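**Student:** Protein sequences appear in the order of chains A and B.
For the first sequence, position 276 (counting from the first letter as 1) is numbered 301 according to my numbering, and the numbering increases by one without interruption.
For the second sequence, position 178 (counting from the first letter as 1) is numbered 239 according to my numbering, and the numbering increases by one without interruption.
Just so you know, the hints here were simulated from the structure itself, not pulled from any lab data.
One or more hints might be untrue.
Which chain B residues face chain A? A few, computed with CB under 7 Å, are given here [what the hints assert, rightly or not]:
(1) Ser148
(2) Arg149
(3) Glu153
(4) His154
(5) Ser157
(6) Pro158
(7) Asp159
(8) Ala164
(9) Glu165
(10) Gly194
For clarity, every value in this text was computed on a predicted model and none was experimentally measured.
C-beta: ideal position from N, C-alpha, C; glycine also.
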Amino acid sequence: MQVGVAPLVAALVVAFFVALLLRPLQLGGLAVAAAFLATMYFVSGVAFSPLTATRKIIIVSIAAPVVGILIDFAFKPTRIGAVVLALCAAAGALWVFWPVLAQKPAAEGWLLGASTVVVISFMVGFSQRYLAADAVRAGAAGLGLGLATGVAAILSASATYGLYGIALGAGAGGFLLPQMITGKKSFAGATFTLSAIFIGGLVAAGTMVLAKLPWYALLVLGLVPVGARLPAPGKAPVWLQAVLLSLYCFVIGAAACALAWAQGRNFDLGFMSLQL
Amino acid sequence: MTKLAIGLVAITLPLAAAAQVESYNIDPIHTIPYWETDHLGYATMRGHFNKISGKFTIDRAAKTGTLEITIQTASLNTGDTDREARSRTRDEHLRSPDFFNVAEFPTMTYRATSVKFADDSPDVIEGNLTLLGVTRPVSLKIERWRCGPDPRTAGKRYQCGGNATGLFKRSDFGMKFGLPTAIGDEVKLWMSFYGFRK
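Produce the entire structure from the sequences given, and follow the hints as far as they go.
**Tutor:** In structure tokens:
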């Protein structure tokens, strides 16, 4: 049950119904949080002591949609707002990972810490600024980031983080599906950005800090939301836009997964030998 | 004269008692904690840790002792170290947050709380195992115990050695990946150990 497909089926079902039911309230973004928490319940249970990095991610995953709802209702989306949100996300990431980073040799700790801060602040800021207003683009970014993070985590030796990542992807899929079926775009906002992109970034960074994901693969994962900003025919049906934008994100995510798989291997390029 | 004798005895008695407490450093080369657990309900998987340090004391007269062991969790080894065509080895998976989470918890420790003797030898050690930041009581049964001069140093070094076994449930420490069917919950410990007297 814990390591099978059950958590992911639960995540997808919960996400789909949450997205469907809360769509009129513009709270469909909660589908991602619901999917993530359902998976977390099946995989690791509910416990917060000792307060590990993984458990901090779970706490943040509970707080993120609440903060997102408050932001969506209280503030209009602005460039400054996106920057502030990005900085807060970076601070949150440091709170999660600092105790682990502090135990590592200085050079490694700084490299991993800087990668975490750069990637998470970029992803959250970019998504809030350029994707949050378009639920299909945001959904595609969440789907691509979640699935890519999940696969990369499994390739990087952590099935638990793999399930967490895929659950986020399933949640974003549950957010996209009603839009694709009805042909009407939903609302993403900070509720979705923080639940999907921020938590996805934390799961990806956790795979780097705690497992074997190389830092340069994390940087590529950080570019997944950019794929959802690439051109898509605005007059095309919603389902086609969703498929196309998701494909863009999958390609970038696949590159990150390839780097995760290649980590530590030797490649004979004929004229030189390359070790990743 | 009698008072002087009594005084001397009074002074030397505590020193003699203190001298009966022998202190040992764990020999990291020959002290090897092995563990085993069920795998898929078909076979038993075994592994061990390569890096260990610690110390123990023993007071044969008072039949008490202490024990402190620290194990570097990243030093685990199940013999699967080559990825070949796979994305990761079993040892890498065991080091991940799914199991030992070595980046966050680089050590596990065992501290004795009491030592029970059978005749003149330690028999059962009651103590606390700290793993993944969780501390739970775990007993160690001393199955073999012998002390004497180390033949490798022509008797110049005094040592104690033996074997100990224990049992615990990994879920008690929050290590739940693969439960309940893929990977067993019960973990058996088997440890060879040596200590060199200080």
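**Student:** Which hint numbers does the structure go against, in order from smallest to largest?
**Tutor:** Structure breaks no hint.
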